[in-house]
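Construct the entire structure; sequences and hints are all you get.
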Amino acid sequence: MFQFIIRRTVGALVTLILIGAATFFLFVAAPSDYASLACGKDCSPARLEDIRQALGLNLPIHQQFWDFMSGIVMGRDFPTGHCSAPCLGQSFYSGDMVWSTIMDRFPTTLTLTAGGAVVFVIVGVGAGMIAAYKRGTMVDKVATGVSMVLSSFQIYVLGPIVLLIFVYSTGWMDNPAYHPITENPWKWFTGLLLPVLVMATIFTAQYTRMARSSMIEQLAEEHVRTARAKGMSNKYVFFRYAWRGSMIPIVTVLGIDISAMLGGAVVTELTFSLQGIGRLAVDGAVHKDLPLTMGVMLFGAFFILIVNILTDIAYAYIDPRVRLS
Amino acid sequence: MTSPVALDPELESNAEPVKAEPKLEGRSPGQLMWQRFKRDRTGVLCAVVVILYFVIALAAPLLTKLSGTDPYTLYGQDPTYADKPVLDQFGLPLGYFGGVSGDHWFGVEPQYGRDLFAMLMYGMRTSLFMALGVTVLLMATGVIIGLIGGYFGGRTDYWIGRVTDFFLSFPQQLFFIAFMPVVTAFFVDPREATPTYFRALAMLIVLWLLGWMGMARLVRSTVLSLREREFVEAAKVSGASPWRIVRKEILPNVVTPILVQFTFSLPSTILTIAFLSFAGVGFVEPTPDWGRLFAAAADYTEQDPAFLFFPGLALVIFVLAFNLLGDSVRDAFDPKSGR
Amino acid sequence: MKPISSRRARAIVVALAAGSLALTACSKNEGGDSGADSKKDQKEASVQSKAVTYADAAGSTGPAEAVPGAKTGGTINVYQEAGLSHLDPGQIYVSDAGQVANLLFRRLTQFKEDGKGGVSVVGDLATDSGKSSDGGKTWTFTLKDGVKDQNGNAITSADIRHTVERQYAKFIFDGPTYLQTWLSGADYRKALPNGGFDGKHLPDSVLATPDAKTVVFHFDTARPDLPQTLAMAGYAVVPEKTDTKEKYDKAPVATGPYKIASNKVGKELVLTKNTNWDPKTDSVRHQYADSFDLQFGITESTQTKRLIADQGADKNAIQLTGGVESTQIQDVIGNAAVSKRTVKGYQPYVMQLTFNLDRVKDIKVRQAITYAVNSKSLIAGEGGAYGGDVAPNYFAPTLPGYEATYDPYGRLKTPQGNIAKAKEILKDVPAAEKKVVFAYSNSEAGQKRKVAIEDALTKVGFNVVSKEVDSASYYEQIGKLNNPYDLYITGWGQDWPSAGTVITPIYDGTQVADGSSNYSHVKDPKVDALIKKALSEDPTAAAATWKEAQHYLLEKVIPAAPLWYTKQFQLSGSNIGGARYGSVSSLIDINRLFVKS
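Chains as they are written, first to last, in the working numbering: chain E, 1 to 325; chain R, 1001 to 1339; chain P, 2001 to 2597.
Note that these hints are calculated values from the structure, not bench results.
Do not take every clue at face value.
A short, non-exhaustive set of chain E residues, derived as facing chain R with CB atoms under 10 Å [said to hold, decoys possible]:
1) Leu16
2) Leu110
3) Ile161
4) Gln206
5) Ile248
6) Ala281
7) Thr293
8) Ile304
9) Leu324
Note that beta-carbon positions come from the ideal geometry of N, C-alpha and C, so glycine has one too.
Here it is, written out as structure tokens:
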């Protein structure tokens, strides 16, 4: 296990550097850069040059890349002040340090992710298991039917409808916003409740279906049949015995979803006007803000890599037959 | 309690002693699967619905000939149609239910007044086939990579895993934005418009390159637990080559999650293509696109719900039918699932 | 175990979902008047386009006239989509930061509106709108007594000198450049590379500060518009002693009624009362609300929905530069209570389809296109009658010298385009010249415009090849001299109410260069001569020259086909008082707002 972790960590570091290089390269290859964007209308070559100098864009590419990557570990100095490690650069557009901007937006994203994950697992997997348990009955049909219909909805359709009902016409709830949990736990909960529920409504279906079909498969396995033959109750077999085997595909999908959400749930954030990592990524791309984009990409990649490692470790715990190499 | 192998009812009723004894043929798993599938009425219905969608999509030009409209004419803005106004002062459709009338069976689109029926028919064509192509490619690639990584383990799995990680963390949006102009500038004459088939090809490549990872990880995870199973050991002991084991022992048991994922992927690909189109790197206006139609309609949910209704209903029905079909196929495929 | 009933169950679920939406759609839309009266709007606009007067000391002395019913106290929430990239006044050129600058920063002069369309330039830090001498080549300003910044330090002429000189430094690159180029020429940075931070200053022959209260500008040619230029946010005062250079962008020193309490770029900006602002020295601004809370990241669609719903905190809210989203205009107009809470007026922008004169050489082609374009379909995308009006010529209704009926191409009679006439003009044009490459911005809006343009031009017989351009770099791409396009949509708005800020930047042949705003690359000697003449004349004579220039351009040269004028339509919450359209900012006049309860 220890060796596994070491190998994967080294792999993750190398991947991060490659991602950084890929992002950097794509940025440079794209049609134009921040300077020309900022220069806007009435742009003389002299003014363009001024902007590029001010942002360090006139340095050679490899120099810029090295400055950025080394800054992550060693910190960097800017005209506006020192940026201590981990320094993800200074945003071209806002002039703020990327790391502090990311940290400012992260709690929103984290709350959305955590909330989503909780609902996926409890409601989604739970409904799927119950549907499998009561296979063929009305419960099963309603559960699968409802989840399928809901999954064909989209956030940008369901979101505004939910907002219309709960916020705009009735005023039952305030505009969704992030309130720090340390300030007011209840407001923290209710503030992001609507976005989490909408997100959950749409994506839970995948878990329901995966859980249901996985469970059905498990129930046909020999060890389950043996357990039943030995006289174990259906309930015990189901909820204590068979579920482990069915968890692996669920854990995989959960891992992918969590790492994707930690990288920023763009559509949810746009629909509910939330300030999370997803918006930052979009802003960075729209403004051609290289440091911001790099920072957000590396941040997101970090989580993807960590979650993948954790997921793989989880496989070994769930299913003892799995050998990690 | 699982039931014993059912004696085929057709076989029973066909017993006629006068004729020569019908040869008792063994049925291949494929034939058995087909039998089981045919018996599932829901599954058959869903299959019909899905096929119907693809047929409609192909027949779009015929259908619009019938309706007398096309997806490109701006009925609401074109001066030649000024005598038959379809939009009001705010650009919203006149009449009932978004402008449904004898001329415009599904009504018209706000602002430009294009015929919704025609746009939907052609849009389905673009989206369905594009999404089908992409999803099949994704699935095939993801399954193969997942199988190889999961089964062979060791260094192979490690390197495949790192490549998967890399693509998972890859800045997709950035890639789209950077990729399209560069490739377009390379292959397309600056004096010519970018042809639609070129866009389709570029999108196919990009979506394929950046979409296979989910399936790969899913398959790999299932294979990880499968490869330690007894029947795999048995196959190994009996001298089967790794490829044979992967094909005959492992693959059939991975079908369930693959199918679930496939039936999920197709509709979501339709919508991903829509987002690409909005961002300008997919199918651009005026190429009709089902997903983009749906996304544009979302803006008008309150003012003109009919605009959302038709593409939305079509999508809901398709998703339902397609998912149910997937479930039925899986049930038919898996003899242990006890029907 | 046949799951038949599940089908029915599912069908019911689907039907319910669809049915609820259907019920809303079932009512019949009879159409009818949207209430937007183009003629009335234009009449109001022509009031917006009256010439600006320069006021004397009386008009510049505070306090400002009280807003009827105004109360003090409360917080005003401001909703905006994108964050502000600069708070350093020297870097401010765009309208969002400019609107915030109205609350934070004072300049030598500022605009004053009487609400009936009269706009005058009054002294803000200066006692009046400036005294010109030497044929308009010299301008003298005297500073008011008792003006302090937020730290309690008095504003002196040294601060004004510093404000001007720091613009020459490299770290100021986003603000206006008018004053610098007028003082020191096109290559102004060479005159003072360190922006005055190293002790070197501009010579007295250019900028003189004989005592702590007097500032004198010397130009090499008459600059009658100087008082209007100095009213821009870009020239707001930056006190010398507290200038932190690059850091100033996050924490500038305020001289207006409000100062920055906290600033999270892209997320939230909170302004609170500046206790050192003396209302007796300010003839325009007020300090009614206790604070302003600017929240970013809220899309225009959400802003509109919130303000229509008017719930909770939204009652105290306004929009910064956003307007009513085009798809929701009907919801606003159709509801009398909501409609009352709007302000509207013309923006100074004219959208036009610019021709690349280096490529589209045949004037017949340009004429045909100008006749053929369908302004109405383009405006439909902007929100219909509330988003824009058909533009018959190059001057916006907000510009002095605007002629509402000057319509050489019949755009007002046939806003959907005159296909027949265009076809006739094109009769003898060879096929090769009927192929045009149209560049469009690769965004949702850009794609919609492409549909309209393609549709109109194809009908007339053109072969339109549309090329997408990355929307973020759109202006940079079409600004290249050797761009590969024939047509592109551009928009331009006056910087202050003078045709000099419209015709000069876009039609002056001497300004054709990479990145310049002369997107059509027009180099007509007659036009250049007229421009030169107008710039040196006094406003009344200049008006006639500008008129001649416009007529000549539009009828004989046709560097662009005018498309539409843009309109602003903003909402505010029910608890906001004093809301009025500011014709200078083309936004709600933020200096008059108060919280009702």
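How the hints compare with the structure:
1. Here the hint on leucine 16(E) is kept, as its CB sits about 8 Å from the closest CB of chain R, short of 10 Å.
2. Interface hint at leucine 110(E): violated, since its Cβ lies 18 Å from the closest Cβ of chain R, which is beyond the 10 Å cut-off.
3. Interface hint status for isoleucine 161(E): upheld, as the beta-carbon distance to the closest one in chain R is roughly 7 Å, under 10 Å.
4. For glutamine 206(E), the interface hint holds, the least distance from its beta-carbon to any beta-carbon of chain R being 6 Å, beneath 10 Å.
5. Here the hint on isoleucine 248(E) is kept, as its CB sits about 5 Å from the closest CB of chain R, short of 10 Å.
6. Below 10 Å, beta-carbon pairs count as interface contacts, and alanine 281(E) has one with chain R at about 7 Å; its hint therefore holds.
7. For threonine 293(E), the interface hint holds, the least distance from its beta-carbon to any beta-carbon of chain R being 7 Å, beneath 10 Å.
8. Checking isoleucine 304(E) against chain R by beta carbon gives a least distance of about 5 Å; that is within 10 Å, so the hint holds.
9. Because the smallest distance between the Cβ of leucine 324(E) and any Cβ of chain R comes to about 8 Å, under 10 Å, the interface hint for this residue holds.
Hint 2 from the list above is the single one not met by this structure.
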